[in-house]
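Trainee: In case you want the letters, here they are:
There are 2 protein chains.
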Amino acid sequence: MPRYTKKDFPVHNVRRFLEPGPIVLVSSAFKDETNIMTMGWHMVMEFTPSLIGCCISSANHSFELVRRSRQCVINLPTADLAVTVVKIGNSSGRDIDKFAEFGLTPKPATHLRAPLIDECYANFECQLADMSWVKKYNIFVFEVVKAHVATAPKTPKTIHYRGDGEFMISGEETRKYRRLFKPGML
Amino acid sequence: MPRYTKKDFPVHNVRRFLEPGPIVLVSSAFKDETNIMTMGWHMVMEFTPSLIGCCISSANHSFELVRRSRQCVINLPTADLAVTVVKIGNSSGRDIDKFAEFGLTPKPATHLRAPLIDECYANFECQLADMSWVKKYNIFVFEVVKAHVATAPKTPKTIHYRGDGEFMISGEETRKYRRLFKPGML
Numbered sequence: 002m003p004r005y006t007k008k009d010f011p012v013h014n015v016r017r018f019l020e021p022g023p024i025v026l027v028s029s030a031f032k033d034e035t036n037i038m039t040m041g042w043h044m045v046m047e048f049t050p051s052l053i054g055c056c057i058s059s060a061n062h063s064f065e066l067v068r069r070s071r072q073c074v075i076n077l078p079t080a081d082l083a084v085t086v087v088k089i090g091n092s093s094g095r096d097i098d099k100f101a102e103f104g105l106t107p108k109p110a111t112h113l114r115a116p117l118i119d120e121c122y123a124n125f126e127c128q129l130a131d132m133s134w135v136k137k138y139n140i141f142v143f144e145v146v147k148a149h150v151a152t153a154p155k156t157p158k159t160i161h162y163r164g165d166g167e168f169m170i171s172g173e174e175t176r177k178y179r180r181l182f183k184p185g186m187l
Numbered sequence: 002m003p004r005y006t007k008k009d010f011p012v013h014n015v016r017r018f019l020e021p022g023p024i025v026l027v028s029s030a031f032k033d034e035t036n037i038m039t040m041g042w043h044m045v046m047e048f049t050p051s052l053i054g055c056c057i058s059s060a061n062h063s064f065e066l067v068r069r070s071r072q073c074v075i076n077l078p079t080a081d082l083a084v085t086v087v088k089i090g091n092s093s094g095r096d097i098d099k100f101a102e103f104g105l106t107p108k109p110a111t112h113l114r115a116p117l118i119d120e121c122y123a124n125f126e127c128q129l130a131d132m133s134w135v136k137k138y139n140i141f142v143f144e145v146v147k148a149h150v151a152t153a154p155k156t157p158k159t160i161h162y163r164g165d166g167e168f169m170i171s172g173e174e175t176r177k178y179r180r181l182f183k184p185g186m187l
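Read top to bottom, the protein sequences are chains A and B.
The first sequence begins at 2 in our numbering and counts up one residue at a time.
The second sequence begins at 2 in our numbering and counts up one residue at a time.
Think of the hints as simulated: they come from the structure by calculation, not from any bench.
Computed from a predicted structure; not experimentally measured.
Watch out, some of these pointers could steer you wrong.
Put simply, identical chains are the same to the list, so a pair is met inside one copy or across any two.
Straight line, CA to CA, 35 Å or less: simulated DSBU-like cross-link-like pairs of lysine-lysine [said to hold, decoys possible]: (1) Lys32 to Lys177; (2) Lys137 to Lys183; (3) Lys177 to Lys108; (4) Lys158 to Lys7; (5) Lys158 to Lys183.
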């Protein structure tokens, strides 16, 4: 299991980790229950406030925990957690305690009751900002109110889902096109 | 410039290409004008109908073309188009004709007036499905009504943006975790 030393990260820049489209783990808590789900359908919506749109199907056990607590943590797992990520996505919090079952460490958040998953590369503490599309599309808009990011490595090796059990693992990182940007576009 | 032979692809499965989070090119047309923009903030919202949420800032020249025509094409560029993608993102349709300037081929769509970008690996023809979040968040929901996808290679090498001129290029593709899925989850 990976263990990362983390530090505060500017919430307006979480796009650095989410815009490339990784599978994330959503942790939540309501009353005496916690849960974890995998999520592949999400998007950055705004820098400030730091808004993330998330599709959480009402078929998921986490749906009610998130809806009723109005918060969650978006955790970024790295490729060395791939087997655990797949197992989390193929089990339900109705049947098991996923933290215990998969040997993950719930760590207290700064602003929320929902726990961080300590083994993840980054943890984004989120408060519900807009639920007007929950009924229509199962889409929650969250504001990231606190971001914890690993001090090393600089960029994480992440897991990206294509459906049908197929994954893409993040590859080369490059800044070689940066010279083509206009100053105002950086 | 890459040239791909393409065939029809099931619209309910475009998540295969969009869920991993690549930068895409949005082409649009209104009256006698066409344009192309880069887009990194998008998400899959539903399989059937095939819905994609897209953030198109009102600061973009394409915003009005898309809003008024109520359609666009989401085109998937591969890594060999990276320089062109960056140049498209760093110029405006107010000043130049991007198809001409960057040597891209506008190809007639099946269901739309907006042109496909022939050099891209895939082209998803989209009709506007919901604009109730355009004013609040610049978010358009599109329905993919037709998908054209390259016959080879099986998976494209795509470009993923982190901000600040930094990109991640898609890496290894793997099906080795597929055996961990429950049949109903595939």
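Trainee: Now tell me, hint by hint, if it's right for this structure.
Mentor: Hints, one by one, checked against the model:
In this homomeric assembly, Lys32 and Lys177 never come within 35 Å of each other (Cα to Cα): the closest approach is 49 Å inside a single copy and 37 Å across copies. Taking CA atoms no more than 35 Å apart as the test, Lys137 paired with Lys183 passes between copies only; the shortest distance there is 28 Å, against 39 Å inside one copy. Taking the shortest alpha-carbon separations for Lys177 and Lys108, only the inter-copy value of 30 Å comes in at or below 35 Å, while the best intra-copy value is 38 Å. Taking identical chains as interchangeable, the C-alpha atoms of Lys158 and Lys7 lie at most 35 Å apart whether they share a chain (16 Å) or sit on different chains (31 Å).
In this homomeric assembly, Lys158 and Lys183 come within 35 Å of each other (Cα to Cα) both inside a single copy, at 28 Å, and across copies, at 25 Å.
The earlier numbered hint that this structure contradicts is number 1, and it is the only one.
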